[in-house]
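Protein chains in written order, with this note's numbering: chain A, 199 to 529; chain B, 199 to 529.
Treat the hints with caution; some may be incorrect.
One copy or any two copies: either way a pair holds, since identical chains are not told apart in the list.
What the hints assert, rightly or not - Here are the simulated SDA-like pairs of lysine to any residue, each with C-alpha atoms no more than 20 Å apart in a straight line: (1) LYS301 with MET286; (2) LYS438 with THR357; (3) LYS301 with THR357; (4) LYS301 with ASP354; (5) LYS301 with VAL353; (6) LYS438 with PRO466; (7) LYS428 with VAL361.
Hints are computed from structural coordinates only; laboratory data are not their basis.
Owing to the predicted nature of the structure, the values given are computational and were not obtained by experimental measurement.
Number of protein chains: 2
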Amino acid sequence: MSATPASLPAALLGAFLTELRATFSDREPRGLYQPIDYILDLGGKRVRPLLALLAGRMYGDEDLRQAMPVALAVEVFHNFTLVHDDIMDDSPLRRGQATVHEKWDVNTGILSGDLMLIQAYAHLCRCPNAAALPGLLAAFNRVATGVCEGQQLDVDFETRSDVTVGEYLSMIERKTAVLLGGALEMGALAAGAGSVDAQHLYAFGRLTGLAFQLQDDLLDTFGDSQVTGKRTGNDIIRNKKTFLYLQASAALPPAESAELAALFASSPADPGPKVERVTELMVLAGTPRAVAELRDAYQAEAVAHLTAAGGDPAVKEVLLQLAEDLLQREA
Amino acid sequence: MSATPASLPAALLGAFLTELRATFSDREPRGLYQPIDYILDLGGKRVRPLLALLAGRMYGDEDLRQAMPVALAVEVFHNFTLVHDDIMDDSPLRRGQATVHEKWDVNTGILSGDLMLIQAYAHLCRCPNAAALPGLLAAFNRVATGVCEGQQLDVDFETRSDVTVGEYLSMIERKTAVLLGGALEMGALAAGAGSVDAQHLYAFGRLTGLAFQLQDDLLDTFGDSQVTGKRTGNDIIRNKKTFLYLQASAALPPAESAELAALFASSPADPGPKVERVTELMVLAGTPRAVAELRDAYQAEAVAHLTAAGGDPAVKEVLLQLAEDLLQREA
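Start from the sequences, fold in the hints, and give me the full structure.
Given below as structure tokens:
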């Protein structure tokens, strides 16, 4: 497959979707397999498989044969976490459609999710680069364990009032960032990259993921709703203790910090004044600048790791552009 | 480790429990790891890890280093299925103690179970016989997929009135028998056994598992409660459509078959007369003999596979004795 750097992501995504759909089946029992095809067909940006394929291409996987099993593994794993997380969060919708446990039932969500986790491993094991298999599995086990830990920390934090900024960062790192890093690391390993290069790619993905999460939190409160397409202040209305809340809470003088906590314990019918006051307190705490600085520091560190990695410079450039788009998409 | 054939199972079990307990940890987050240690420490007969270690020993794994990761993998996997199945069946008790979702909550059961499935793979990947890894993983993926399919079929059958005897056997084969076979197959593969021997051991375990399940169903209705320690007729009282019900239903004349169906749609306050009449109908249908014959056929086929396998004859003898004990334990 040849493509100009600019058209490469679209070409890889097309190849991935063809492979993904080829896994859909009429296999029995239908009650087990149908929900799997349903959630995998709902769409999404397919960022993780794209990262895996780009990382493979960086190290010479021209026909995508080495990295494609990794791409399938990370996408199926990611969707497994969505199915089980949606049960735990009691979410009715995913990508605008009914979640698996809503469309079928909770037991179906549990069991189909379990099989998806097994299928993710089965995909990974199909990587034709046999020498890479132990390293791929070690990376996958490590990443998958981290994702479970991140989800548990997220659950724990909901009932704790003493979560620190550091604990929050550790939670989002595991819940979202390590899988982005892992997709890149495993794509590179599958294509035969050395462990130093693979670790640079892992760090690039992990740090970009952290920067993205901070940017996402920042835009929720300080973004232009005309640009983001989302209502501003959603996290504040839902009393979601994001990095912004934790930073402001720690940086404000005691009286204002207590006021912030009280506001986050309230759910007024008209949330307007609450959003306005919380936003004021965050500005007073220097939150927007602090978050932007941390985001930029992560991004700079991410770029340094990508620069230090070997591999095809043209594909590297595509990865860099992709990370920038991700961070500026809604800014 | 040297042991006489008779004392070998106890010696292997002791070694296994030491290794299992060494996996228990103080790792954070506690809400994720504590339930895993809890369920793994509840006990049980540890049949699957014992089978894995015996199979390894049959092919020269004297120090248990090759088969121990398999033993841990199958035990952790089996307990993962218990945690998730107990949620799906809403069971409050497991081995006389509170189930994970009862002691903690459903979300903890889902997430800790997920991590156990990942840990099962991580254990398997620790097998030092690198050449065996692809075969081990292929077997594990196949067995784990079968177990999920078996659980789904079990769920589906609860709301179906047209389940055939063949479908029922296919369900219990996947739900319970393939993991017994897989434990033996993987233990042998880890120790370097060839695929023909490994397949004979798989068949021995699978067929023994089927025979055991039929024996279990038979004793529930026709066993001596003084010997089994369980109330006779439990499955009938709970309207559980076991092999016995399906066989009788197919073998009886239309009028009696309809009577049986009606009895299995009722839940009288005093179940005595119902149990008595269902038992009579089953005797009329020739059920006890039909089930015993099928059980014996499975057992004979199992023994033939074990006999055909290579490996240490002394350990083979231990496996044969273990299968006999399993089938006669409650007879």
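Taking the hints in turn, this is what the structure says about them:
In this homomeric assembly, LYS301 and MET286 come within 20 Å of each other (Cα to Cα) both inside a single copy, at 15 Å, and across copies, at 17 Å. For the homomeric pair LYS438 and THR357, the shortest alpha-carbon distance inside one copy (11 Å) is at most 20 Å, but the shortest distance between copies (41 Å) is not. Taking the shortest Cα distances, LYS301 and THR357 sit within 20 Å of each other only across copies (18 Å), while inside one copy they are farther apart (29 Å). Taking CA atoms no more than 20 Å apart as the test, LYS301 paired with ASP354 passes between copies only; the shortest distance there is 16 Å, against 28 Å inside one copy.
Proximity of LYS301 to VAL353 under the C-alpha cut-off of 20 Å is restricted to the inter-copy arrangement: shortest distance 17 Å between copies versus 24 Å within a copy. In this assembly of identical chains, LYS438 and PRO466 lie within 20 Å of each other by CA distance solely inside one copy; the values are 15 Å within and 52 Å between copies. In this homomeric assembly, LYS428 and VAL361 never come within 20 Å of each other (Cα to Cα): the closest approach is 27 Å inside a single copy and 50 Å across copies.
Against the hints set out earlier in the document, a violation occurs for number 7 only.
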